[in-house]
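J.: What follows is the residue order along each chain.
Protein chains: 2
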Amino acid sequence: MKVLIVHAHPEPKSFSSAMCATAADALRSGGHELVVSDLYAQHFNPLASAVDFSERRDANYLNYALEQRHANGAGSVAPDIRAEMDKVLACDLLILNFPIYWFSLPAILKGWIDRVFTSGVFYGGKRVYDRGGMRGRRALVAATLGGREHMFGRGAMHGELNGMLKPLLQGTLGYVGFDVLTPFYAYHVPYLDATERTEILVRWRETLAHLDSRQVLSMPSLEHFDDQFRPLTKTELEFQPVGDIDG
Amino acid sequence: MKVLIVHAHPEPKSFSSAMCATAADALRSGGHELVVSDLYAQHFNPLASAVDFSERRDANYLNYALEQRHANGAGSVAPDIRAEMDKVLACDLLILNFPIYWFSLPAILKGWIDRVFTSGVFYGGKRVYDRGGMRGRRALVAATLGGREHMFGRGAMHGELNGMLKPLLQGTLGYVGFDVLTPFYAYHVPYLDATERTEILVRWRETLAHLDSRQVLSMPSLEHFDDQFRPLTKTELEFQPVGDIDG
Numbered sequence: 000m001k002v003l004i005v006h007a008h009p010e011p012k013s014f015s016s017a018m019c020a021t022a023a024d025a026l027r028s029g030g031h032e033l034v035v036s037d038l039y040a041q042h043f044n045p046l047a048s049a050v051d052f053s054e055r056r057d058a059n060y061l062n063y064a065l066e067q068r069h070a071n072g073a074g075s076v077a078p079d080i081r082a083e084m085d086k087v088l089a090c091d092l093l094i095l096n097f098p099i100y101w102f103s104l105p106a107i108l109k110g111w112i113d114r115v116f117t118s119g120v121f122y123g124g125k126r127v128y129d130r131g132g133m134r135g136r137r138a139l140v141a142a143t144l145g146g147r148e149h150m151f152g153r154g155a156m157h158g159e160l161n162g163m164l165k166p167l168l169q170g171t172l173g174y175v176g177f178d179v180l181t182p183f184y185a186y187h188v189p190y191l192d193a194t195e196r197t198e199i200l201v202r203w204r205e206t207l208a209h210l211d212s213r214q215v216l217s218m219p220s221l222e223h224f225d226d227q228f229r230p231l232t233k234t235e236l237e238f239q240p241v242g243d244i245d246g
Numbered sequence: 000m001k002v003l004i005v006h007a008h009p010e011p012k013s014f015s016s017a018m019c020a021t022a023a024d025a026l027r028s029g030g031h032e033l034v035v036s037d038l039y040a041q042h043f044n045p046l047a048s049a050v051d052f053s054e055r056r057d058a059n060y061l062n063y064a065l066e067q068r069h070a071n072g073a074g075s076v077a078p079d080i081r082a083e084m085d086k087v088l089a090c091d092l093l094i095l096n097f098p099i100y101w102f103s104l105p106a107i108l109k110g111w112i113d114r115v116f117t118s119g120v121f122y123g124g125k126r127v128y129d130r131g132g133m134r135g136r137r138a139l140v141a142a143t144l145g146g147r148e149h150m151f152g153r154g155a156m157h158g159e160l161n162g163m164l165k166p167l168l169q170g171t172l173g174y175v176g177f178d179v180l181t182p183f184y185a186y187h188v189p190y191l192d193a194t195e196r197t198e199i200l201v202r203w204r205e206t207l208a209h210l211d212s213r214q215v216l217s218m219p220s221l222e223h224f225d226d227q228f229r230p231l232t233k234t235e236l237e238f239q240p241v242g243d244i245d246g
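Here the protein sequences line up with chains A and B, keeping their order. Numbering that gives the first Met the number 0 applies: residue 0 is where the first sequence begins, and numbers increase by one. Numbering that gives the first Met the number 0 applies: residue 0 is where the second sequence begins, and numbers increase by one.
Just chain A, with the same shape it has in the complex (with noise of 0.2 Å):
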């Protein structure tokens, strides 16, 4: 199995990192090929701007979304958005490892998102959810956070975690394509002591070991609505494709 992780931590001695280096361990030892791209450490700029296009669909107005697909059609991508796309189209499973910052992702790994899921190879018209470009392909959300377990869920103060990242999870993950597997979340990292942080990596080296078993959260099917993506029937109407992910 070919695995990217992308790891999204500015504090090497953090435990995100040590996630990312427990993971990476047990994906080569299990005879898996592996590429880790760590954004801090390669400076990777998150900012989508006019720079990313050397040349212009139309140099008066920037839609970013029609630029990448022209970028994608004129093979003039940018040159370190190409590099982390090559990478992103040849995994089989992505693994996303990274401190939840205000109930959702980083800003670099945000940026990461917003440059590299280019329009027109992950998604575009049609394609998307399970017609989306990676679909066939697993991924796999490792978020470590201050909060404590009983923070969330159902009639809790947060509501769902699942809930929180589903821009991530579904509006992201799911959108194009990926069959996303039931994160992995390290809670209340601040303040656990060294057994404790010790217990979670040896979870998390058994959850690695075990992909084949964890659960895929349910998405959205193309089947289930019409061409202008309305729901197709009245019995349809009640689907909810969003039930492992809401609350």
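Incorrect hints may appear among the rest.
One copy or any two copies: either way a pair holds, since identical chains are not told apart in the list.
[As the list claims (entries may be wrong)] Result set (EDC-like, lysine to aspartate or glutamate): computed pairs, CA atoms no more than 20 Å apart in a straight line:
id : residue 1 : residue 2
1  : Lys12     : Asp57
2  : Lys12     : Glu198
3  : Lys1      : Glu222
4  : Lys1      : Asp192
5  : Lys12     : Glu205
6  : Lys125    : Glu148
7  : Lys86     : Asp57
8  : Lys125    : Asp24
9  : Lys12     : Asp91
10 : Lys12     : Asp37
If you are wondering where the hints come from, they were derived from the structure by calculation, not from laboratory data.
Starting from the known structure of chain A, arrange chain B on it as the hints suggest.
T.: Here is chain B on its own, set in the frame of chain A:
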């Protein structure tokens, strides 16, 4: 009223930029005091990193939130962050005006939140939600998107749009104490003709003229949780803190 608009679109001729200009004009005409942070124009750095701290609490291990708290106490917050913090702390109404990228914020605006909503001032310990640092102030999201309105809602392809933006609406703006007004969404923007765009701008101007009657989203209240943020009683376990946002 003091209003801060934070605007995050790379194209000055975009519809999102027109919404920003319309809001600026409407609010100034209404006698309000206005400040605009145009993040692309001011080349705002979205990257939370060690260089944000001129003197470190712990030079060997970067815990970003703890360094934020230390910098606030020591008065050593980086000048570009301090300038934005001061704008937010002075405002009665914060408007975030942006195009939706991947069902969430453009990275430059996510990084503005990561760096500006500092621990120790905006939140910290039990100072969250209705005890957050920005309680008593209001926040309004004004977002453009390519998707059509029928793609969102219960049973629709992507679920509720407020649910997709929950990390921002509840997990960020609500979390730091803002009264979060019902967002203003401009759907299908790249495909609208000039008349339709004008109609949206008229509706946007109307919205800004009647903010006092705009619904505030429901948020968790600390009254319903104990010191560990556990729901207080069985009755309150049924409490759905995010009923307006999930879906």
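J.: Does each hint fit the structure? Answer for all of them.
T.: Hints and how they fare:
no.	hint	verdict
1	Lys12 to Asp57	between (45 Å within a copy, 13 Å between copies)
2	Lys12 to Glu198	within (17 Å within a copy, 53 Å between copies)
3	Lys1 to Glu222	neither (30 Å within a copy, 49 Å between copies)
4	Lys1 to Asp192	neither (33 Å within a copy, 46 Å between copies)
5	Lys12 to Glu205	neither (22 Å within a copy, 51 Å between copies)
6	Lys125 to Glu148	between (37 Å within a copy, 17 Å between copies)
7	Lys86 to Asp57	neither (28 Å within a copy, 35 Å between copies)
8	Lys125 to Asp24	neither (38 Å within a copy, 39 Å between copies)
9	Lys12 to Asp91	neither (28 Å within a copy, 40 Å between copies)
10	Lys12 to Asp37	within (13 Å within a copy, 35 Å between copies)
Against the hints set out earlier in the document, violations occur for numbers 3, 4, 5, 7, 8, 9.
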